[in-house]
Amino acid sequence: MAKYILKRLISGLITLFVVLVLVFVVFQALGDPSSRILPVNSTAEQIRAYSQANGYSDPLLERLGRYLSGAIRLDFGTSTVRNEPAINAVLTAIPRSLLLAAASIVATVAIGVSLGVLAGLTRNRVVDKAVQFAGAIAASVPEFWSGLILIILFAVMVPIFPTSGFGGFQFLVLPAAAMSIPPIGRLIFVVRESIRSIAEQPFALVARSKGLSRAAFVNTHILRAALVPIISIGAVELTRMAIGGVVVIENIFAWPGIGQLYVQAMQRYDVSLVSATLFCATALVLAFNLILDIVYTRLDPRIRLERQHG
Amino acid sequence: MKGVTVSVIRNSHLRRLAAVIAVSAVVLSVAACSSGTSPNATKKRDTLTWAVASPLGTLDLLTDQIDNTGRQLLLGNVVQTLTRQTMKNGKANWVPSLATAWKQVDASTWEFTLRKGVKFQDGTAFGADDVAYSIDQVALATSVKDSTLNVITGAKAVNDNTVDVTFNVAEPFGYRVLSTVPIMPSGWENDKAKTQSTAIGTGPYKLQSVSSGRDTATLVKWSGYWGKDTTKLTKVVMRVIPDNGARLAALKSGEIDVAFNLSPELNKAAPKVLTAESTEVEIIRINALPGAVFSDLKARQAINYAVDDASLVKDVRDGFGVAAHGQPVPAQVTGYVAGLKGYPFNLKKATKMISDEGLTGKTVSMMCATDQYGAVGVDSCQAIAADIQATGLKVALQLLPAAQWLQQGYLAKQNSLTPPDLFYISAGSSTFDAGPVLTNYFICGPKATICDPSLEASAQKALNEPNAAQKTKDFQATIQLASEKAALIPTVNPQNFAAVRADVDGTLYGDQTQLYWDEWSVGNSK
Numbered sequence: 001m002a003k004y005i006l007k008r009l010i011s012g013l014i015t016l017f018v019v020l021v022l023v024f025v026v027f028q029a030l031g032d033p034s035s036r037i038l039p040v041n042s043t044a045e046q047i048r049a050y051s052q053a054n055g056y057s058d059p060l061l062e063r064l065g066r067y068l069s070g071a072i073r074l075d076f077g078t079s080t081v082r083n084e085p086a087i088n089a090v091l092t093a094i095p096r097s098l099l100l101a102a103a104s105i106v107a108t109v110a111i112g113v114s115l116g117v118l119a120g121l122t123r124n125r126v127v128d129k130a131v132q133f134a135g136a137i138a139a140s141v142p143e144f145w146s147g148l149i150l151i152i153l154f155a156v157m158v159p160i161f162p163t164s165g166f167g168g169f170q171f172l173v174l175p176a177a178a179m180s181i182p183p184i185g186r187l188i189f190v191v192r193e194s195i196r197s198i199a200e201q202p203f204a205l206v207a208r209s210k211g212l213s214r215a216a217f218v219n220t221h222i223l224r225a226a227l228v229p230i231i232s233i234g235a236v237e238l239t240r241m242a243i244g245g246v247v248v249i250e251n252i253f254a255w256p257g258i259g260q261l262y263v264q265a266m267q268r269y270d271v272s273l274v275s276a277t278l279f280c281a282t283a284l285v286l287a288f289n290l291i292l293d294i295v296y297t298r299l300d301p302r303i304r305l306e307r308q309h310g
Numbered sequence: 001m002k003g004v005t006v007s008v009i010r011n012s013h014l015r016r017l018a019a020v021i022a023v024s025a026v027v028l029s030v031a032a033c034s035s036g037t038s039p040n041a042t043k044k045r046d047t048l049t050w051a052v053a054s055p056l057g058t059l060d061l062l063t064d065q066i067d068n069t070g071r072q073l074l075l076g077n078v079v080q081t082l083t084r085q086t087m088k089n090g091k092a093n094w095v096p097s098l099a100t101a102w103k104q105v106d107a108s109t110w111e112f113t114l115r116k117g118v119k120f121q122d123g124t125a126f127g128a129d130d131v132a133y134s135i136d137q138v139a140l141a142t143s144v145k146d147s148t149l150n151v152i153t154g155a156k157a158v159n160d161n162t163v164d165v166t167f168n169v170a171e172p173f174g175y176r177v178l179s180t181v182p183i184m185p186s187g188w189e190n191d192k193a194k195t196q197s198t199a200i201g202t203g204p205y206k207l208q209s210v211s212s213g214r215d216t217a218t219l220v221k222w223s224g225y226w227g228k229d230t231t232k233l234t235k236v237v238m239r240v241i242p243d244n245g246a247r248l249a250a251l252k253s254g255e256i257d258v259a260f261n262l263s264p265e266l267n268k269a270a271p272k273v274l275t276a277e278s279t280e281v282e283i284i285r286i287n288a289l290p291g292a293v294f295s296d297l298k299a300r301q302a303i304n305y306a307v308d309d310a311s312l313v314k315d316v317r318d319g320f321g322v323a324a325h326g327q328p329v330p331a332q333v334t335g336y337v338a339g340l341k342g343y344p345f346n347l348k349k350a351t352k353m354i355s356d357e358g359l360t361g362k363t364v365s366m367m368c369a370t371d372q373y374g375a376v377g378v379d380s381c382q383a384i385a386a387d388i389q390a391t392g393l394k395v396a397l398q399l400l401p402a403a404q405w406l407q408q409g410y411l412a413k414q415n416s417l418t419p420p421d422l423f424y425i426s427a428g429s430s431t432f433d434a435g436p437v438l439t440n441y442f443i444c445g446p447k448a449t450i451c452d453p454s455l456e457a458s459a460q461k462a463l464n465e466p467n468a469a470q471k472t473k474d475f476q477a478t479i480q481l482a483s484e485k486a487a488l489i490p491t492v493n494p495q496n497f498a499a500v501r502a503d504v505d506g507t508l509y510g511d512q513t514q515l516y517w518d519e520w521s522v523g524n525s526k
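Just so you know, the protein sequences line up as chains Y and V, in that order.
Per our numbering, the very first residue in the first sequence carries number 1; after that it's consecutive.
Per our numbering, the very first residue in the second sequence carries number 1; after that it's consecutive.
If you are wondering where the hints come from, they were derived from the structure by calculation, not from laboratory data.
From a predicted model like this one, the values you see are computed outputs, not experimental measurements.
Cβ atoms here follow ideal geometry from the backbone N, Cα and C, with glycine treated the same way.
Any given hint might turn out to be false.
To be verified - Heads up, incomplete: computed chain V residues facing chain Y, CB under 8 Å, no partners named:
1. 197
2. 242
3. 401
Said to hold, decoys possible - If the Cβ cut is set under 10 Å, some of the chain Y residues that face chain V in the computed set are:
4. 82
5. 148
6. 156
7. 165
8. 252
9. 288
Just need the whole structure built from these sequences, with the hints factored in.
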């Protein structure tokens with residue numbers, strides 16, 4: 001296990017390195033940052049002086065080395081948008097995004113598993129078809145649309161929650177709900193399919209024929225076997241939320257997390273903030289994946305064996 | 001039943017998962033509940049909350065490129081100017097603010113007599129040195145100011161209460177220009193980090209706080225204000241809600257009182273809409289430099305005929321605006337030519353002219369900004385591109401973020417780039433005269449993309465004319481000539497608007513960034 005973790009950590013570091021180099025290359029390809037950072041009516045002389053003072057006119061490799069050595073120390077420079085070290089702005093935003101993602105995951109698992117089990121146990125009956133229909137709609141609803149619909153329903157028509165902003169629990173409900181609707185739809189199908197395949201396994205037939213009650217059968221056999229696909233889709237969703245979902249949802253709900261920060265950084269050409277945001281988002285995704293892979297091996301010994309032999 | 005219970009207890013994986021979910025839910029709820037307050041809990045009738053789409057940038061009014069949100073928050077509210085614009089029955093007027101009187105000393109110099117007994121919000125006394133310092137900072141070549149302020153050369157303190165301000169052109173409207181120059185304490189720029197994150201002035205409101213994400217800022221009434229206490233609001237809160245729909249929803253739910261930058265069609269759903277005639281005109285700057293597709297007059301006239309300005313007003317802006325009638329300044333601006341019609345929409349004629357010029361099928365570039373003028377700006381740009389394409393030209397449309405749009409489009413010549421054939425922009429005249437338009441678009445230099453000797457001479461004459469009456473005539477003559485030469489495609493004079501709650505009252509100005517919160521009230525706030 002230790003060897004596996006070490007291997008994954010090394011590959012994670014390589015991925016982070018590649019992301020950093022890619023960000024550097026993309027911004028270099030866009031030209032000298034001075035002309036974008038400085039006021040629009042700056043003279044060529046001012047741009048040159050700024051460029052020299054900030055090292056933008058140094059040789060490419062020297063700049064890359066400086067950039068990477070800064071990144072190792074988590075020093076991405078000062079954010080021009082926030083007027084503070086870029087890493088500080090990102091570290092302030094990350095817990096807020098994690099709070100949103102965690103609330104969304106909790107809702108996704110609770111609702112998605114319940115409905116998936118219900119559909120799986122009532123296969124081809126009205127309830128199953130209704131749940132599948134709802135799941136298909138949920139999975140295909142874009143977040144920006146569901147977000148606005150939730151705002152209209154529960155903040156304007158029935159004003160239970162605030163329309164947007166960051167603060168107490170009431171601010172968390174609508175964005176977390178909007179974020180969890182599509183994954184709930186997807187999870188319903190995964191759980192339903194898992195239950196179907198497990199219910200047809202010989203051990204399941206034996207268990208049922210021995211007179212095990214439905215509740216016990218579900219709790220002891222079905223859900224346990226369905227955990228791996230649940231965690232699998234959870235990992236995919238968490239990654240999607242960390243990279244893309246938060247951008248849309250945080251902008252609709254004015255949630256001051258990493259997604260909104262990323263949009264601001266891109267809009268204002270804040271190289272430091274873009275670098276720090278991408279670096280931290282990538283590190284988070286890698287960490288999630290590693291943790292979930294370890295959880296897999298704990299849940300399903302076959303996965304561990306495959307990896308050890310592989 | 002017993003067997004079932006044992007089975008469940010033995011299922012440790014499930015128990016762990018259930019426990020994790022339950023604990024997470026409880027922790028999230030408790031943590032979130034303990035850290036926040038209800039959005040309406042602190043709402044009072046003497047508090048106004050306004051929302052915009054983009055967060056605050058730098059707060060340095062003197063030398064940085066301050067954004068619209070920063071201006072709306074600070075200028076006239078925290079930081080004041082020597083003169084102040086007022087609107088009565090749609091007519092603009094300029095009244096004393098930090099200056100009590102002003103007079104023109106010579107063609108390019110204005111003298112301002114300053115108000116006595118005024119203090120800055122940090123307790124220091126306001127005086128001529130502060131005024132001279134602030135104006136000099138704005139006049140610096142490195143200061144990123146509104147183009148209307150490019151005419152200022154500098155200022156000199158004559159005595160403790162008198163300041164002379166000089167201009168680089170004959171300026172009969174110097175008092176108007178000074179209504180947008182912020183006055184801050186002498187030496188304010190010495191601490192750049194401070195200037196970018198806070199502001200101190202002499203206004204009726206004090207900047208109490210700005211959130212770390214720059215998405216919330218609060219102004220509170222300042223007890224040391226020199227003026228008569230007419231402020232109806234004790235607190236003004238700025239919030240950023242990036243999404244248009246969410247901003248409208250916040251307005252309808254009562255969380256906010258004023259929503260700026262909504263798209264015109266969303267305004268219809270707002271409880272109430274305040275409007276003001278804008279001092280800007282949406283134009284297409286044409287690249288008429290030698291060798292360009294539109295260097296020929298007939299080609300420029302053809303694309304002027306091609307643009308359906310009535311449709312832009314009706315279909316794109318939902319009636320929030322009027323057709324520009326061939327001139328880049330609106331009716332309330334000095335230089336407007338009553339009766340000038342420009343090039344009425346005539347697609348057939350435009351198509352024939354393009355064909356006669358041998359330009360059918362020719363590709364022309366057009367550049368617009370994605371985030372400078374909101375969704376309505378993008379829609380207008382695309383509609384204009386479609387109109388021009390209908391003549392038989394092929395329009396290669398490029399939509400860029402504002403920073404690139406400025407650098408690669410507006411300042412293309414300065415940056416040694418080829419300017420786009422067509423460039424979408426709003427031409428501003430916040431000083432209510434045509435001077436900035438003439439300077440930016442008709443004087444050969446780093447910005448203008450038409451370099452016509454007779455047009456430039458006419459513009460120079462107007463800019464250098466000291467007499468106000470004659471200057472007005474010269475402005476009009478230049479605007480008339482520009483129309484004849486089809487130097488630009490003026491399309492729409494838009495209306496500024498703000499969606500508000502039914503019980504909100506306030507004044508909007510021709511410059512959409514100009515807001516005096518002491519003129520606003522919410523419900524029964526007195």
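*Any hints from earlier that this structure breaks? Give me their numbers in increasing order, please.*
Hint 9 is the one this structure does not satisfy, whereas the remaining hints hold.
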